[in-house]
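K.L.:
Below, each chain spelled out in residue letters.
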Amino acid sequence: MAKRLEGRAAVVTGAGRGIGRAIAELLAAEGAAVVVNDLGAEVDGRGASRRVADEVVEAIRARGGRAVANADSVADFAAAERIVETAVKEFGAIDILVNNAGILRDRMIFNMSEEEWDAVIAVHLKGTFNCTRHATRRMREQRRGRIISISSTSGVYGNSGQANYGAAKDGIAGLTRVAARDVGRYGITVNAVCPGAMTRMTATAPNAASRRARASAASRSATSAPRT
Amino acid sequence: MADMLAGRVAVVTGAGRGIGRGVALGLAAEGAKVVVNDYGVALDGSAPSSGPAFDVVEEIRRAGGEAVPNTDSVATWDGAARLIGTALERWGRLDALVTCAGILRDRMVFNMSEEEWDAVIAVHLKGTFNCVRHACTHMRERRYGRIVTFSSGAGLFGNPGQANYGAAKSAIGGLTKVAARDLGKYGITVNAICPVAGTRMTVNEEVRRARELRRQQGIQREDRGVAQIEELDPDDVAPMVVYLASEHAGGVNGQFFLCFGSQVALVSQPRPVKTLYKADGDWTLDELERLAPATVLEGLVNPAPPKEA
Chain Z
1 MAKRLEGRAA VVTGAGRGIG RAIAELLAAE GAAVVVNDLG AEVDGRGASR
51 RVADEVVEAI RARGGRAVAN ADSVADFAAA ERIVETAVKE FGAIDILVNN
101 AGILRDRMIF NMSEEEWDAV IAVHLKGTFN CTRHATRRMR EQRRGRIISI
151 SSTSGVYGNS GQANYGAAKD GIAGLTRVAA RDVGRYGITV NAVCPGAMTR
201 MTATAPNAAS RRARASAASR SATSAPRT
Chain G
1 MADMLAGRVA VVTGAGRGIG RGVALGLAAE GAKVVVNDYG VALDGSAPSS
51 GPAFDVVEEI RRAGGEAVPN TDSVATWDGA ARLIGTALER WGRLDALVTC
101 AGILRDRMVF NMSEEEWDAV IAVHLKGTFN CVRHACTHMR ERRYGRIVTF
151 SSGAGLFGNP GQANYGAAKS AIGGLTKVAA RDLGKYGITV NAICPVAGTR
201 MTVNEEVRRA RELRRQQGIQ REDRGVAQIE ELDPDDVAPM VVYLASEHAG
251 GVNGQFFLCF GSQVALVSQP RPVKTLYKAD GDWTLDELER LAPATVLEGL
301 VNPAPPKEA
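Chains as they are written, first to last, in the working numbering: chain Z, 1 to 228; chain G, 1 to 309.
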């Protein structure tokens, strides 16, 4: 059977681990050429290692797929342009953008520092804007594109201790709704996914165990509103 | 003067004009002492001036109320600290915070500059966080507080040309929901207003030109036209804000209210509406291709369908 994404070029941010890595690998398995972006930072955003993105690229290539690594930070407007342009330079286009990169700095709001707020907003919200902004310029010329941004039930329902993350993720939802209306006419779709998954990011949260139960309950329960 | 807020102290940001001014006057009319904050800038955030804040303070005082001006920018951590400190230094307490301050820099997302994004996020989102953060530490100690933030349908429903504003307003919604859960146990409520009103932010020549351009290009906004917005008095938003800022609204927390004209509507919050289940393992693409279109995706409408080039 023909692969669904043969000839398409994709960028996945934060693709070195967790959900992003799984997305990058499945895109590649379906024939897409993938820019595996990952700064290689710790969960709180500190540090950087190119190895993280390289490993995923090696894994994709080992299965016969096409991929290149990129270790730029999505939080930087100019660097985000480099991420998008890597797809254009290496694969000739950018058909798919998955905005997945993110960090966590949980704290009750009355104790949250300015730095904890700024760091999370910068990577999630500004990072998603940066990549979306640069990708839509290319996609608009191409008259085709798919953008999928990762929002979160934390923003949708409001998780205690995550004012920065919840705001960023609801901000991404708002950005998604506006961008869908800005670029739909050019053949570009913009949608968001709110995942429930255990990754190294959620594992570090203070109430990881209860969140694991909640995510599991949310994925199993049909129409009942998940508890907040 | 009524006394629903007698003895209470409030801070209102962006209170020099428009909705914020109406809120400040409304709180003062109910007996609250009000810090009238306004950076006094032009609509795009430039050229600060102390005029608007002082004018509203004068208006409150002439009506027999108590108020002091503050002209700090909420967008800076220290500016917000000074603003909250103004209430504490002058009156020794802070009972209510209303965060109206905001600016606009509309642009289609593919043309939006970094500076246009940053400026709008800084005032709306960071400004709201800065004020809530500094206010809530004091409110938590006193085990009482009322916080009213300003979100918008532009973010919750999506307006073309407002990626920065829509993201900021939606993010304020997320901040509001989390803050409500962080602070509720300390007797503090945090709710959001989604207003529609004719102010210099929503009705001006630039907005008219942009709307006309969109109309010519066939890009529809889902909100009302300028003509209808012009008829919506910003002062109409104040009563619900004053109510939420009072003791009476202690049981209302983490909620969103759409306010325009004589209407106050409770806004629903996103919940799953349709779910696909699989008993074992992850969905395969074959399965999703077969099942999703007639189930979770059934009846969805593209808000901006593709147009021929």
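Bear in mind the hints are in silico, worked out from the structure with no lab data behind them.
Fair warning: there could be bad hints in the mix.
[What the hints assert, rightly or not] Footprint (simulated), chain Z over chain G, 3 or more residues, beta carbon under 8 Å:
{"hint": "1", "region": "27-33"}
{"hint": "2", "region": "109-116"}
{"hint": "3", "region": "122-129"}
{"hint": "4", "region": "132-144"}
{"hint": "5", "region": "171-178"}
{"hint": "6", "region": "291-305"}
Yeah, the Cβ is synthetic: ideal placement off N, Cα and C, and Gly gets one too.
K.L.:
Now look at each hint and say whether the structure bears it out.
P.N.:
Taking the hints in turn, this is what the structure says about them:
Here the region 27-33 of chain G counts 0 residues with a CB under 8 Å from a CB of chain Z, which misses the bar of 3, and the coverage is violated. With 4 residues having a beta carbon nearer than 8 Å to a beta carbon of chain Z, the region 109-116 of chain G meets the requirement of three or more and the stated coverage holds. Evaluation of the coverage hint for the region 122-129 of chain G: fulfilled, as 3 residues show C-beta separations to chain Z shorter than 8 Å, against a requirement of three. Here's how the region 132-144 of chain G fares: 5 of its residues keep a CB closer than 8 Å to some CB of chain Z, so the rule of at least three is met and the hint holds.
Check on the region 171-178 of chain G: 8 of its residues sit with their Cβ under 8 Å from a Cβ of chain Z, so the three-residue criterion for coverage holds. Note: the region 291-305 of chain G has 4 residues with beta-carbon separation from chain Z under 8 Å; the three-residue rule is met and the coverage holds.
The earlier numbered hint that this structure contradicts is number 1, and it is the only one.
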